[in-house]
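A.B. asks: One-letter residues, chain by chain:
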Amino acid sequence: MKYVDEFRDAELARALGVQIAALTEPGRHYKIMEVCGGHTHTIYKHGIEAHLPENVELVHGPGCPVCVIPMGRVDDGIAIARNPEVIFTCFGDMMRVPGGSGSFLDAKAEGADIRFVYSPLDALKLAVANPEREVVFYAIGFETTAPSTALTLMRAKAEGITNFSVMCNHVTIVPPLKALLESPDLRLDAFIGPGHVSTVVGARPYEFICEDYKTPIVVAGFEPLDLLQSILMIMQQLQDGRAEVENQYGRVVPFEGNLRALEVLQEVFELRPYFEWRGLGFISQSALKLSDAYADYDAELKYATPGVRVADPKACQCGEVLKGVIKPWECKVFGTACTPETPIGTCMVSSEGACAAYYNFGRFAKSAARADA
Amino acid sequence: MNEAAARQPGVLGQPLQILDRGSYSVACSVVEGCLTCGDVAVEVKVLEVDGFDAVCEDPHGQVGRVGVDLVMPVEVGNRLLVHAGVAISRLKES
Numbered sequence: 001m002k003y004v005d006e007f008r009d010a011e012l013a014r015a016l017g018v019q020i021a022a023l024t025e026p027g028r029h030y031k032i033m034e035v036c037g038g039h040t041h042t043i044y045k046h047g048i049e050a051h052l053p054e055n056v057e058l059v060h061g062p063g064c065p066v067c068v069i070p071m072g073r074v075d076d077g078i079a080i081a082r083n084p085e086v087i088f089t090c091f092g093d094m095m096r097v098p099g100g101s102g103s104f105l106d107a108k109a110e111g112a113d114i115r116f117v118y119s120p121l122d123a124l125k126l127a128v129a130n131p132e133r134e135v136v137f138y139a140i141g142f143e144t145t146a147p148s149t150a151l152t153l154m155r156a157k158a159e160g161i162t163n164f165s166v167m168c169n170h171v172t173i174v175p176p177l178k179a180l181l182e183s184p185d186l187r188l189d190a191f192i193g194p195g196h197v198s199t200v201v202g203a204r205p206y207e208f209i210c211e212d213y214k215t216p217i218v219v220a221g222f223e224p225l226d227l228l229q230s231i232l233m234i235m236q237q238l239q240d241g242r243a244e245v246e247n248q249y250g251r252v253v254p255f256e257g258n259l260r261a262l263e264v265l266q267e268v269f270e271l272r273p274y275f276e277w278r279g280l281g282f283i284s285q286s287a288l289k290l291s292d293a294y295a296d297y298d299a300e301l302k303y304a305t306p307g308v309r310v311a312d313p314k315a316c317q318c319g320e321v322l323k324g325v326i327k328p329w330e331c332k333v334f335g336t337a338c339t340p341e342t343p344i345g346t347c348m349v350s351s352e353g354a355c356a357a358y359y360n361f362g363r364f365a366k367s368a369a370r371a372d373a
Numbered sequence: 001m002n003e004a005a006a007r008q009p010g011v012l013g014q015p016l017q018i019l020d021r022g023s024y025s026v027a028c029s030v031v032e033g034c035l036t037c038g039d040v041a042v043e044v045k046v047l048e049v050d051g052f053d054a055v056c057e058d059p060h061g062q063v064g065r066v067g068v069d070l071v072m073p074v075e076v077g078n079r080l081l082v083h084a085g086v087a088i089s090r091l092k093e094s
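Protein sequences, first through last, are from chains V and E.
What the first sequence shows, in this note's numbering, is residues 1 to 373, in sequence order.
What the second sequence shows, in this note's numbering, is residues 1 to 94, in sequence order.
Don't take every hint at face value.
No farther apart than 16 Å at their CA atoms in a straight line, the calculated lysine to aspartate or glutamate pairs in the EDC-like style are these [to be verified]:
hint: 1; chain 1: V; residue 1: LYS125; chain 2: E; residue 2: ASP53
hint: 2; chain 1: V; residue 1: LYS125; chain 2: V; residue 2: ASP106
hint: 3; chain 1: V; residue 1: LYS302; chain 2: V; residue 2: GLU85
hint: 4; chain 1: V; residue 1: LYS157; chain 2: E; residue 2: ASP69
I should point out that these hints are in silico values taken from the structure, not numbers from a laboratory.
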């Protein structure tokens with residue numbers, strides 16, 4: 001398949017693995033964080049780690065938007081969904097995310113009208129088709145997804161649709177990276193930068209990582225060879241003593257991003273003073289809310305929500321997984337009490353979550369490696 | 001997208017079946033990942049432009065409607081990157 005097969009060539013992957021190994025210094029341990037959940041998924045699905053030398057470790061970052069939603073925000077969404085006039089819509093991954101008092105799926109089973117959609121534009125279509133009901137869209141995602149919500153709101157306003165609103169949980173990529181770099185329990189050598197977020201924001205926002213923290217970052221695509229080539233570029237930078245923003249995904253990501261999308265984001269959203277991230281705590285200016293011009297479409301202003309902060313279950317170590325402090329299989333409940341069928345933590349819910357990706361693709365390889373040892 | 005265009009033969013010689021935006025997403029599939037809420041997007045080719053929407057085809061031959069406001073101007077044959085039913089980038093022609 002064009003644009004796919006050429007990025008999955010096994011021979012090229014092996015050759016890249018050899019080149020990466022040649023750039024490692026004996027005795028040095030390299031920790032590279034892939035920020036994005038999509039990359040985590042590719043790493044496990046395609047066995048990328050099998051091509052890397054043992055002293056190059058991939059650490060999974062907080063780039064799965066489902067995984068970083070705190071339980072209290074799920075409860076707030078459920079409270080809105082329970083209004084009888086509301087058709088509540090969200091992306092499929094959110095349906096099973098556990099809140100303090102169950103998930104959207106549980107609330108649906110109890111009678112709430114909750115439907116999953118693939119695009120906020122589909123939620124808007126529902127609003128047009130059901131003028132007697134109120135349609136609420138539970139918006140999640142980084143800057144990749146925020147433009148689709150913004151565009152939907154602009155269309156709703158332009159078309160005068162008033163029975164549509166958004167509960168905004170959009171988050172931004174740079175503040176958590178900064179929080180990770182400031183974290184005392186994590187030492188990283190480099191970042192694999194998110195591919196499609198960068199399609200919107202460009203590569204320039206990452207420059208502070210190189211300038212202030214002397215850490216390289218390479219924006220990467222999502223095919224196996226994209227990731228291996230990005231790791232090679234990182235290793236080359238580390239060997240040269242450079243810390244630069246490089247763009248491996250040039251076929252898709254313009255260095256300046258999508259200026260029109262950035263304009264739209266600016267018009268529809270404004271930064272929240274702070275927002276709670278699961279596992280990372282409160283991070284200032286790390287999330288978006290609707291701007292005053294779109295206040296009529298803000299579900300949090302239209303409906304009462306409990307707004308209560310809910311602590312994660314004690315057994316759940318999603319926080320440490322999200323910060324890359326522990327690997328998924330090091331969590332006490334991984335694969336036993338917490339599985340994709342009965343998730344305790346969010347990292348096991350989304351297929352982009354490190355725990356689910358590892359559970360689905362990596363655990364057998366790990367068991368085999370343990371048996372060989 | 002007008003009805004007459006929907007009845008025209010598609011690129012695979014079959015009548016175009018205009019699916020919803022969801023045709024570009026596999027909801028939370030273990031194998032393909034979640035295309036809507038992960039940082040994952042799909043490359044598509046523009047078959048027809050209809051104002052701020054375009055009818056596009058993905059690499060699997062599925063055809064669907066996409067919002068193209070953010071990547072205007074769009075022409076038939078352009079390749080776009082689509083996320084959550086909205087094109088976020090126009091890809092370089094190779």
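A.B. asks: Decide, hint by hint, whether the structure agrees.
C.D. replies: Against the structure, the hints come out as follows:
Between the alpha carbons of V/LYS125 and E/ASP53 the distance comes to roughly 14 Å, so the proposed pair stays at or under 16 Å and holds. Only pairs whose Cα atoms come within 16 Å are accepted, and V/LYS125 paired with V/ASP106 is rejected, the gap being roughly 25 Å. Between V/LYS302 and V/GLU85, the direct Cα distance comes to roughly 12 Å. Compliance with the 16 Å bound is thereby established for this hinted pair. With a CA separation close to 15 Å, the supplied pair V/LYS157 and E/ASP69 stays within the 16 Å bound.
Of the numbered hints given earlier, the model fails hint 2 alone.
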